[in-house]
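Asks: Listed below, chain by chain, are the residues.
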Amino acid sequence: MDNARKIHNAIKKINSNAEFIIRGEIIDGIEWSDTTTPIPKADIEAKMVEVQAEYDTEEWKRNRQSEYPSIDDCIHALLDGGDTLTELQAKRTATKTKYPKSGA
Amino acid sequence: MAITRLGPNQSVNLASNVTGTLPAANVANSTLNNVTALPAAITTGKVLQVANDMDGGHIVLNNTDWIDTALSISFTPVSASSKILMLATVQRYSDGGSASYHGEFQARFHFNGSAVNETYADLTLNANPGAIDLYNSYINQENSPGTSAFTIKVQVRNPNTNQAYCTYNQYSGSSSLTIWEYAS
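Going down the list, the sequences are from chains S and U. Each residue of the first sequence is one higher than the one before, starting from 1 at the first, in our numbering. Each residue of the second sequence is one higher than the one before, starting from 1 at the first, in our numbering.
Calculated directly from the structure, the hints in this document are not laboratory data. Quantities reported herein were computed from a predicted structural model and do not represent experimental measurements. It is possible that part of the hints are untrue.
To be verified - Pulled from the structure, derived: some chain S residues nowhere near chain U, Cβ distances all over 10 Å: (1) Ser16; (2) Glu19; (3) Asp28; (4) Glu31; (5) Asp83; (6) Glu87; (7) Tyr99.
Stated by the list, open to error - Covered stretches of chain U (chain S as the covering partner; in silico rule of three or more C-beta atoms under 8 Å from a C-beta of chain S): (8) 6-19; (9) 22-29; (10) 147-154.
Stated by the list, open to error - Chain S regions said to be covered by chain U (calculated; three or more residues, Cβ under 8 Å): (11) 1-7; (12) 20-26.
For each residue, glycine too, the CB sits at the ideal point set by N, CA and C.
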């Protein structure tokens, strides 16, 4: 996850209604809207650690999504049934085996 | 070669007494400044001035307030009857978190202290995994710019901060602002 998105997600986790911009992908580049109470830099940095940890634990999900058959393929398989559906289910199972859930 | 001796009250006739090519070093800007009209055979263009600015600065947009980008040009028209054409090409990135919604993004020009040509760009393309990275172009024209100096800026905002991760100049992208003054 790039630093700008990490800062963004950390702020939104602390205050989902916060309005701000971030220039230059750094915490010092945050400019708060007049309607938002600025969040201390240390609080944002602490929350960024959480954001990164959550992102890392969901790597299996991103990997599966990138390799699963497309929605179109799924619709065709459901309508066609038979071998087409069996093959698609086998692909999904193989992907799940390749990328097990974190901690599983 | 015949040699003509000039008498005390005679002058050189440039038409009949002088031949050859004038050395380039003898042609000065100050001399050319006295030329006020070009021969009709020479076609003149209508673009009088062009200026450009580039910006590669990254900005995360989680703001409904308009903010300045670094795209800014100070400009002085040479003629009050000119028109000013402005074109901004802005790199934007939106990730709405779904395959059918990609967030919102707005840009506008700021001409001499006033906002003009606010443009709405709401994207709902069908693209997986929900992130799009593209260039939007914005164009505007000022018909009576006068001859005083003015500044043109580009401003951006994300009008729907709860819906998407929205940035300007993502992935080392860059945006540009170009203005033309042309004779109308």
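Asks: Run every hint past the structure and note whether it holds.
Replies: Hint by hint, here is what the structure shows:
1. Listed as a non-interface residue, S:Ser16 fails to keep its Cβ farther than 10 Å from every Cβ of chain U; the least gap is roughly 7 Å.
2. Look at S:Glu19: its CB is around 5 Å from the nearest CB on chain U, not clear of 10 Å, so calling it non-interface is violated.
3. With a minimum CB-CB distance of about 13 Å to chain U, S:Asp28 clears the 10 Å threshold, and the non-interface call stands.
4. At the 10 Å boundary, the C-beta of S:Glu31 falls inside the reach of chain U, the nearest C-beta of that chain being 7 Å off.
5. Even its closest Cβ contact with chain U, about 26 Å, leaves S:Asp83 beyond 10 Å, as expected for a residue assigned away from the interface.
6. No beta-carbon of chain U is positioned within 10 Å of the beta-carbon of S:Glu87; the least distance is around 22 Å.
7. With 10 Å as the threshold on Cβ separation, the claim that S:Tyr99 sits away from chain U holds: the shortest Cβ distance comes to roughly 16 Å.
8. As drawn, the stretch 6-19 of chain U meets chain S at 0 residues by the rule of a beta-carbon pair under 8 Å; below three, the given contact is violated.
9. Judged by the Cβ-Cβ criterion of 8 Å, the stretch 22-29 of chain U is not covered by chain S as claimed, because only 0 of its residues qualify and three are needed.
10. With a cut-off of 8 Å between beta carbons, the stretch 147-154 of chain U has 0 residues touching chain S; three or more are needed, and the interface restraint is violated.
11. A count of 3 residues in the stretch 1-7 of chain S with a Cβ less than 8 Å from any Cβ of chain U is obtained; the coverage claim is therefore met, three being the minimum.
12. Under the rule that three or more residues need a Cβ within less than 8 Å of chain U, the assignment of the stretch 20-26 of chain S holds, with 6 such residues.
Of the hints listed earlier, those the structure fails to meet are numbers 1, 2, 4, 8, 9 and 10, in rising order.
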